[in-house]
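> Here the protein sequences come in this chain order: E, S, U and B. Heads up, the first sequence is in numbering that gives the first Met the number 0, so the first residue is 0 and it goes up one at a time. Heads up, the second sequence is in numbering that gives the first Met the number 0, so the first residue is 0 and it goes up one at a time. Heads up, the third sequence is in numbering that gives the first Met the number 0, so the first residue is 0 and it goes up one at a time. Heads up, the fourth sequence is in numbering that gives the first Met the number 0, so the first residue is 0 and it goes up one at a time.
Heads up, a few of these hints could be off.
Simulated pairs of lysine to aspartate or glutamate, DMTMM-like, Cα-Cα distance not exceeding 25 Å [claimed, not checked]:
{"no.": "1", "chain 1": "U", "residue 1": "264", "chain 2": "B", "residue 2": "137"}
{"no.": "2", "chain 1": "U", "residue 1": "283", "chain 2": "U", "residue 2": "30"}
{"no.": "3", "chain 1": "U", "residue 1": "86", "chain 2": "U", "residue 2": "149"}
{"no.": "4", "chain 1": "E", "residue 1": "269", "chain 2": "S", "residue 2": "300"}
{"no.": "5", "chain 1": "U", "residue 1": "425", "chain 2": "E", "residue 2": "157"}
{"no.": "6", "chain 1": "S", "residue 1": "11", "chain 2": "S", "residue 2": "79"}
Simulated coverage check for chain B against chain S, where a stretch passes if three residues somewhere in it have a Cβ under 8 Å from a Cβ of chain S [to be verified]:
{"no.": "7", "segment": "183 to 189"}
{"no.": "8", "segment": "221 to 228"}
{"no.": "9", "segment": "388 to 396"}
Quick caveat, the hints were computed from the structure, so don't treat them as lab data. Where a beta carbon is used, it is the ideal one built from N, C-alpha and C, also for glycine.
Listed below, chain by chain, are the residues.
4 protein chains.
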Amino acid sequence: MLYKNEQLHEEKVFKDPVHRYVHVRDRVIWDLIATPEFQRLRRIKQLGTTYLTFHGAEHSRFNHSLGVYEIVRRILTNFEGRPHWNKEERLLCLCAALLHDLGHGPFSHSFEKVFKLDHEHYTQQIILGNTKVNAILERAEKGFAQKVADVIAKTYQDQLVVSLISSQIDADRMDYLQRDAYFTGVSYGHFDMERILRVMRPMEDQVVIKETGMHAVEDYIMSRYQMYWQVYFHPVTRSAEVILCKILQRAKVLYHDSTYTFTLKPTHFKSFFAGNVKLEDYLKLDEGIVTYYFQLWQEEEDTILRDLCERFMNRRLFKYVEFNPNSQMNEWMELHKLFTDVHINPDYYLVVDSSSDLPYDFYRPGEEEERLPIHLLMPNGELRELSRQSDIVEAISGKKRTDHKLYYPHDLLENVSDPRKKKRMKEILIGQGEEKHVN
Amino acid sequence: MLYKNEQLHEEKVFKDPVHRYVHVRDRVIWDLIATPEFQRLRRIKQLGTTYLTFHGAEHSRFNHSLGVYEIVRRILTNFEGRPHWNKEERLLCLCAALLHDLGHGPFSHSFEKVFKLDHEHYTQQIILGNTKVNAILERAEKGFAQKVADVIAKTYQDQLVVSLISSQIDADRMDYLQRDAYFTGVSYGHFDMERILRVMRPMEDQVVIKETGMHAVEDYIMSRYQMYWQVYFHPVTRSAEVILCKILQRAKVLYHDSTYTFTLKPTHFKSFFAGNVKLEDYLKLDEGIVTYYFQLWQEEEDTILRDLCERFMNRRLFKYVEFNPNSQMNEWMELHKLFTDVHINPDYYLVVDSSSDLPYDFYRPGEEEERLPIHLLMPNGELRELSRQSDIVEAISGKKRTDHKLYYPHDLLENVSDPRKKKRMKEILIGQGEEKHVN
Amino acid sequence: MLYKNEQLHEEKVFKDPVHRYVHVRDRVIWDLIATPEFQRLRRIKQLGTTYLTFHGAEHSRFNHSLGVYEIVRRILTNFEGRPHWNKEERLLCLCAALLHDLGHGPFSHSFEKVFKLDHEHYTQQIILGNTKVNAILERAEKGFAQKVADVIAKTYQDQLVVSLISSQIDADRMDYLQRDAYFTGVSYGHFDMERILRVMRPMEDQVVIKETGMHAVEDYIMSRYQMYWQVYFHPVTRSAEVILCKILQRAKVLYHDSTYTFTLKPTHFKSFFAGNVKLEDYLKLDEGIVTYYFQLWQEEEDTILRDLCERFMNRRLFKYVEFNPNSQMNEWMELHKLFTDVHINPDYYLVVDSSSDLPYDFYRPGEEEERLPIHLLMPNGELRELSRQSDIVEAISGKKRTDHKLYYPHDLLENVSDPRKKKRMKEILIGQGEEKHVN
Amino acid sequence: MLYKNEQLHEEKVFKDPVHRYVHVRDRVIWDLIATPEFQRLRRIKQLGTTYLTFHGAEHSRFNHSLGVYEIVRRILTNFEGRPHWNKEERLLCLCAALLHDLGHGPFSHSFEKVFKLDHEHYTQQIILGNTKVNAILERAEKGFAQKVADVIAKTYQDQLVVSLISSQIDADRMDYLQRDAYFTGVSYGHFDMERILRVMRPMEDQVVIKETGMHAVEDYIMSRYQMYWQVYFHPVTRSAEVILCKILQRAKVLYHDSTYTFTLKPTHFKSFFAGNVKLEDYLKLDEGIVTYYFQLWQEEEDTILRDLCERFMNRRLFKYVEFNPNSQMNEWMELHKLFTDVHINPDYYLVVDSSSDLPYDFYRPGEEEERLPIHLLMPNGELRELSRQSDIVEAISGKKRTDHKLYYPHDLLENVSDPRKKKRMKEILIGQGEEKHVN
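Excised from the complex, chain E in its bound form (with noise of 0.2 Å):
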């Protein structure tokens, strides 16, 4: 039998917390699997810092990866005999769904921000570069590694395919919702995913919902507002970010400073502060080697990266005011000069964050560059837009609610020596708002 099409003697099944079982009954599949690169998945969080704010979320995307399989793989089920769908993409689905996160690195959303790296870009040249995942897809048949990239990429011809792995209401969003509400035990993110499934119906070039469903999407796009604002975008979560973000800018510094001699040298971090990060270099790196870079230069004679570092590791985060630095110019320098003249830097310790810059959107139909909309089936037919049939799903589309927060050290100003000073950036940063603190 072709290797492609080869079934395993028995059906694998993996017990997951989320979807009961994930099942295997392909070898492509198996092997895929048991790769290195896709191992490696289990050293990368799939939420980054989130677990210094929910506990629970320490799970990995290795995790959510087999999730997304294993949605497609029902979706896939629900197709069988429908028209428009050709089962003949069947593995390049499984595939495709299974490989999505491929290139994902530690922390990835820091990393990305401080190196301008895209993790897409990453996952094409893990599916296509020489892999053992690359071999495997190539094994079961000639181009095939090309065509799950163009399905990652969204540039492959059938947009049908491209749907299930990414638009509004793919499998990728539908399991990480689910999962994330799972691990950090939060009540939001829960929806009837079963009763989405069955409404699921596969066109020409995507998959729409038939119109008996629309309360359940309504119901998956609230979990997804609720998710974002009580999970994703949580300030405690940024304010670790914030740091880590600090920390690997501060490391770049100190390596392009030919005066500073680095107790731990950051071998694994150097084509990254080169700005020539090769496949080889990118694939060694995951949380475990990161951590230990982290964890060592506590001990680092540079008192900002020492800092940082054990505020990291340790769970000192920076606390946070609202902020708004388009109204609040004046106090924003003020503070800045503040800081400078008692010898907190500024630019690690006086940091603006806003959550408009964070990867995540719940429901943008029109926007260019965005996935595709959610289309209704109508009894007649006919297809229509989910927002111009919702109300509540047009309330909170194609808003933007940006959250603009100001991070810094508060038990440094504590130890401020010059009373007026400490009163005055006190006066600034308290009087903003009452200070939140969180867990």
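Start from chain E and add chains S, U and B according to the hints.
Chains S, U and B only, in chain E's frame:
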């Protein structure tokens, strides 16, 4: 107000997937959680290598420790105003609950086995040594650290307090059964904890259970039984542990071998290899550090160390067969010789592992050195040991079901060039019974 | 000890699938539960005819009443010691919570509609009349029954007490949303009640919500919205209700028709038909009694009554189509005439039902006679009405989405002998849009 | 297309709280559900009087029957294409599953006991008699009704088919354990059904379980054990059943007593009292009818009937004490005399009830007339009976733990005027052990 009695301005909560919320009102508890020694538990997995069998099991001891604290907190709320309960012991109980696992290191079970360590020893040292945790406890009350250490060591005079933290039905076990079930996703591990908490009664020297709650306790014992066989003793998990032990063992041999030069020196392991681990060394080791070494040792010159690390990181585990070393001594010796002949070092690649080596029991009422058995409080006021009242518990108590398995690298066998030897090895190994692959 | 303050020797619990346990410590509460008037609620379904759509919805108002009591009990535990909270009102709140639905009759909504009754009127009568419930309340304190009645009637002076039982986020609604979701099995209806209870604060004249809990409240409002459209307004349930109303209407007509003799006299209905229902009559009616009549009336001589009863008992419901009586007056008149022509009495077999007739709203802050809106307690101490702070709530509040449907017996149409008329009837009915059958 | 093979245009689903969705695709199944005989099961509670102990247990046999059908449907999906499985039997299995409880009457257990009826007899009659159900089955295939009846009667030749519906681990039990746990809200009754379904294998004459699934089956057996002792044998439920039996017994006596005239004639019970119940009579009786009589009989002249009905309707149950009629014959005789002396008729008010009378067992492999035991399919292909492989099952199997209780109206004792007799009665009753009141 005394620091010991200080309450937070407003109660803080942690969102917990198992207990919904963990509530903190005492300043001392809040401060203990913030110490580096306690935060370090975030970098130690609760279930060691189990995540390689059940991918959801990525949760840390930090999680579990908060959970044990929360259960004790709830028990004490129920105890308020009951006879035998001395409310002066409240903070002591809470601290002991929170800190009882503080001395766990990375992959505890394997490290303890290879290096003859004892995590309880380190728990004592961290509480009594020069640490942030100790400072907080002593600030609460002179001599308080010693009390907390005594409760955890079970030597504290008030055995009622001890039994909350360690007995056959203590908060520790009630948390881990539920938590491990939640994160692995198995359907075992559930019991009606709320009911058990309602029927717990303080007595002079132990917590007892009102007889009307017997069925809830039976259910708890059964959960334990099922969790041990389904999760804790899972042969795939043990396969990963076998490899881990062998890595440590090999690295130690190479360290003492003056002819070998490490590409990456085992700096963090030195004191472990030398057998003189100081508290400071111990605290520096976490699972991030350990996997850093394993990751890099994949490029060591020594082929055994290299291969074992590569197996561990990429989950290329050993296969296993049922094997009783007592009754199958001849096969064992023949295999040992065959492995040696074909240059697969049997010291590292032919390993018998027995479940009785594992640190779990489900219920052994009478044995020496054993935790306190469970006593039922009968309607007439007398106490009766659980297994004398419950058929089910009697049926499983004290049964030592040892499960021996022989682990070996199935893939290496395929490369054996001598066809006769290869055939014979397979005969002995696979002929022993059907080979099982899980996941 | 005063009866009012009497505590049970040991706390009693009811196992409850929604709140896990319902706890009772007060003798008064225990005695109220044991009264015939309260036990009668076991024979009144919480959701009327909904069980014909969602087969799990067979739960009674007894269940729900215990649930509301339990939620209020938990709220008051959180209120202990807070400003504005007068602990003297505790028992009053608990009694009002327990008894708030006492006046519900069988299939309340239909009975109230057909006979112009009001269950709140009967709740008052049962509490104040010559009943066991009244005797217990008066034994607790002279005049206590009146106080309980006032709280339920919302006329009690302390509006804080009133708002616990009836406001936009009262214990009543929090219980029924969760309970109805549990028993129907739908995935809507979940929200984080524990969190909401934690952020509730007593104020002078109402319960308010700390602003940090806004998202949990949004989630609760959304649950309501989804439950209304998915469960409470479900067109199949309404079809059963239409038939039920028509049975009552027909029996009344026959009762007043001196030429008709019932095989089974409507003894229990007499006072309802005559419009002079006494408390005693009212209390004797429950769903067992009602279905007894419907069951036996399947053998009445009158074909309409017979047919309708047979439909109700065997769930042969009317079909429905979208139908706007305002814009489709012509079709309506034509249908009416056609039905009459073919001897299908349109008074019973051609029924328009509108969702706006139903006693539910999801959130209408400003309207007259409306329950108190939800106020958020902002960090600066001011109060702000929820829909002014939440985009989502604003989006759905006050929207009156009326949903008109026309119900008719599809099966009878098939038997119409005149082919032209039959064709025309189908044209109008099925041509209106695609016919939908659920279950 | 043949009616037998006819598929619905689109799959229909029922929302089910236990199995999430019940899926129907066969026209025959859809039509069977719509019959009056099947709809009647909505008016028969699954757990009889249990709702008086666990208020959530108000679910009907309609619910359960759909559940059993759904489980068999899922099992058969897994069987597709396996050896030994004859797919021609599919519809037969589904029909037998759906209809297996069709003959249950109101409060089955009590009615069967008092009137010496057998619900299985009526299931046969309904399937084979002049009913809508029969018509549908015969329309599907001539002789099909007999086949369905045979499967339910366990006499069908293909014992594999029989074992799906009735064996020690059949769909019936798997549904009711989970369903009854769900509705009562107890934490027992959970097991990993999905796993059990995955390890079920069809064999020539039975369904067996792959040995790797043994622990899941143990868990199922334990669930059963716990459900029996915690729910099904609950003494408060039995108290209500005792009263129910005594009502029926008393009414029968009065019916045969020519001197007594009923205010409400027991029309529906006549044939039951006379011992010649026809199918037509049987089908007319449901729990609505029964409670109608009980409700009205509260105003009968006979004080015993009146009192018992009033107790049942208002849940004024008998109290109970442990009582072994074998060893306590003297007390029994003395009590009997005392009751007679003080004019409390012991035939109705002094009742011994034994759990061994109840129609439940948790696991009895060898007994005569017993359901098929559970066989494990070992890796080497041989079959082994479960209790020989599992310590736990062995421990509880075949154990007949009889639990005798004496029920009596505690409140009437208080009214006994003779102080000596009153004291003595209490001595015997309450002196027997501590009296327990539940709920």
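> Would you mind marking each hint as holding or not holding in the structure?
Going through the hints against the structure:
no.: 1; hint: 264(U) - 137(B); result: violated (39 Å)
no.: 2; hint: 283(U) - 30(U); result: holds (21 Å)
no.: 3; hint: 86(U) - 149(U); result: holds (18 Å)
no.: 4; hint: 269(E) - 300(S); result: holds (24 Å)
no.: 5; hint: 425(U) - 157(E); result: violated (42 Å)
no.: 6; hint: 11(S) - 79(S); result: holds (21 Å)
no.: 7; hint: 183 to 189; result: holds (count 4)
no.: 8; hint: 221 to 228; result: holds (count 4)
no.: 9; hint: 388 to 396; result: holds (count 5)
Checked against the numbered hints given earlier, this structure breaks hints 1 and 5; the rest are met.
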